[in-house]
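Those protein sequences? They're chains R and W, same order as listed. So for the first sequence, this note's numbering puts the first residue at 1; every next one is plus one. So for the second sequence, this note's numbering puts the first residue at 1001; every next one is plus one.
Read the hints as simulated data drawn from the structure, not as lab findings. Keep in mind it's a predicted model, so treat the numbers as computed, not measured. Heads up, the beta-carbon is just placed ideally off N, CA and C, and yes, glycines get one too. Incorrect hints may appear among the rest.
What the hints assert, rightly or not - Computed cross-link-like contacts, DSS-like style, restricted to lysine-lysine with a CA-CA straight-line distance of at most 30 Å:
hint, chain 1, residue 1, chain 2, residue 2
1, R, 25, W, 1182
2, R, 67, W, 1182
3, W, 1182, W, 1030
4, R, 67, W, 1030
5, W, 1140, R, 6
6, R, 67, W, 1170
7, W, 1010, R, 46
8, R, 25, W, 1067
9, W, 1010, R, 39
10, W, 1087, R, 46
11, W, 1028, W, 1068
12, W, 1010, R, 67
13, R, 194, R, 180
14, W, 1010, W, 1087
15, W, 1140, W, 1182
16, R, 40, W, 1140
17, R, 47, W, 1170
What the hints assert, rightly or not - Counterexamples of contact, computed for chain R against chain W with all Cβ distances above 12 Å:
hint, residue
18, 48
19, 50
20, 53
21, 65
22, 69
23, 71
24, 93
25, 100
26, 102
27, 120
28, 136
29, 137
30, 151
31, 173
32, 176
33, 182
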Amino acid sequence: MTSCPKQIVHYMHEYLDGDIREEAKQELRFHIETCTDCKKHFAELKKTIALVQSASHIEAPAGFTAKVMALLPREGKKIGMERWFRNHPFLTAAALFLLFMSGGFASLFSQEDNHFAFTKNSELKVENETVIVPAGTKIEEDLFVKNGNIRIEGSVEGDVTVINGERFMASAGNVTGEIKEIDQLFGRIWYEMKSLFQ
Amino acid sequence: MDLIVQRRIKQVIKGDQNAFGEIVELYKDKVYQICFRMLWDRHEAEDAAQETFLKAFLNIHTYNQSKKFSTWLYRIATNLCIDKIRKKKPDYHLDEEIAGTEGLNMYSHLASGGQLPEEEVESLEVQASIHEAILMLPEKYRSVIVLKYIEELPLQEIADILELPLGTVKTRVHRGREALRKHLRHL
Chain R
1 MTSCPKQIVH
11 YMHEYLDGDI
21 REEAKQELRF
31 HIETCTDCKK
41 HFAELKKTIA
51 LVQSASHIEA
61 PAGFTAKVMA
71 LLPREGKKIG
81 MERWFRNHPF
91 LTAAALFLLF
101 MSGGFASLFS
111 QEDNHFAFTK
121 NSELKVENET
131 VIVPAGTKIE
141 EDLFVKNGNI
151 RIEGSVEGDV
161 TVINGERFMA
171 SAGNVTGEIK
181 EIDQLFGRIW
191 YEMKSLFQ
Chain W
1001 MDLIVQRRIK
1011 QVIKGDQNAF
1021 GEIVELYKDK
1031 VYQICFRMLW
1041 DRHEAEDAAQ
1051 ETFLKAFLNI
1061 HTYNQSKKFS
1071 TWLYRIATNL
1081 CIDKIRKKKP
1091 DYHLDEEIAG
1101 TEGLNMYSHL
1111 ASGGQLPEEE
1121 VESLEVQASI
1131 HEAILMLPEK
1141 YRSVIVLKYI
1151 EELPLQEIAD
1161 ILELPLGTVK
1171 TRVHRGREAL
1181 RKHLRHL
């Protein structure tokens, strides 16, 4: 084997790497057929590889992942919430729906209802967003005031409803029907819904 | 699988540890195997494998997502093992193998613990010789041989893992094979 061309062993390794030129392969094949030492060397190399590859494949010990997880630094709360959202898509969708809906309600009311409005009646007087039922007058219908106050000095034969405002009664004032003051968002929603179904 | 891994890694970068748990599940056997074949000690291999994943988690932002994740992970594992081998080098004198109790130690080192039937003893001896041969390799040959023949990775990937030129990897595989041949040809 000492008299063999130097490149033969190199060709053997190139062959084992699956990375050999065709001429080199032919040369190697021809040489191995004629040289027992090199044939033996080549066989030993192939056997070595087979042996190393036969080394039993092993798996990580039980509980490995849990041990690794225990080593990690603690994660932030934000991530926990994001994961909760990801794991509960339906609840997240429902929560988002409610959020947008209530946002919609709020904007609906705040856009449309910021102006001062009241039931038109020729007997009523108005001073600085306060509707006055003058003393001695008698109003025979329901009164309705939004975003303003009402001062009752005369008498009203009907209901009085005040939204986002205050009601002042003079001692001589008199209301025969119901008096309602509504000034909270949900009270208003409830009121609007009730009137929707009436 | 690569797509899943990439998605999990994006979640890990955001700080999601459960996503990292899935990555550990996917790669734990491969990483443990590299560590075990490099170190040949179950406890040391487990420590090294755990350390590999911890390092990967802490340095996940340095991972280039356009490259293969396994390459990056195996690089951490091999570098860790090479460090450990260098640190404990004095333990690895060749004459230690002559000691009469060595055979017993070899069995106790084998991964498949517990009682074994008689007919497996012979293959156990072969296994022990293979381990011994791998263990006798200097670490630069050992890492390429483990990656090539235990993990069965292509040479180019080994070059990427070890950050070496392909030619150097080939030379090391050739020399590693020759060294192994000297130890194993009599089996």
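Hint check results:
1. R:25 with W:1182: Holds, because 24 Å separates the two Cα atoms, which is no more than 30 Å.
2. R:67 with W:1182: It is violated: about 40 Å lies between the C-alpha atoms, which goes past 30 Å.
3. W:1182 with W:1030: holds, 28 Å
4. R:67 with W:1030: holds, 17 Å
5. W:1140 with R:6: holds, 24 Å
6. R:67 with W:1170: Given pair residue 67 of chain R, residue 1170 of chain W is violated - Cα atoms ~37 Å apart, limit 30 Å.
7. W:1010 with R:46: violated, 43 Å
8. R:25 with W:1067: violated, 34 Å
9. W:1010 with R:39: Measuring from Cα to Cα gives roughly 53 Å; hence the hint is violated.
10. W:1087 with R:46: The hint is violated at about 33 Å.
11. W:1028 with W:1068: holds, 16 Å
12. W:1010 with R:67: holds, 22 Å
13. R:194 with R:180: Distance of about 14 Å is within 30 Å: holds.
14. W:1010 with W:1087: violated, 35 Å
15. W:1140 with W:1182: holds, 17 Å
16. R:40 with W:1140: holds, 27 Å
17. R:47 with W:1170: holds, 19 Å
18. 48: violated, 5 Å
19. 50: violated, 10 Å
20. 53: violated, 5 Å
21. 65: Per Cβ check, residue 65 of chain R is inside 12 Å of chain W; nearest 5 Å; violated.
22. 69: Violated: least Cβ distance 6 Å, not greater than 12 Å.
23. 71: violated, 5 Å
24. 93: holds, 21 Å
25. 100: holds, 25 Å
26. 102: holds, 29 Å
27. 120: holds, 60 Å
28. 136: Residue 136 of chain R is indeed farther than 12 Å from all Cβ atoms of chain W, at 74 Å.
29. 137: holds, 70 Å
30. 151: holds, 61 Å
31. 173: Check passes; 65 Å lies beyond 12 Å.
32. 176: Non-interface label on residue 176 of chain R holds, nearest chain W Cβ at 66 Å vs cutoff 12 Å.
33. 182: At about 47 Å from chain W, residue 182 of chain R clears the 12 Å cut-off, so the statement holds.
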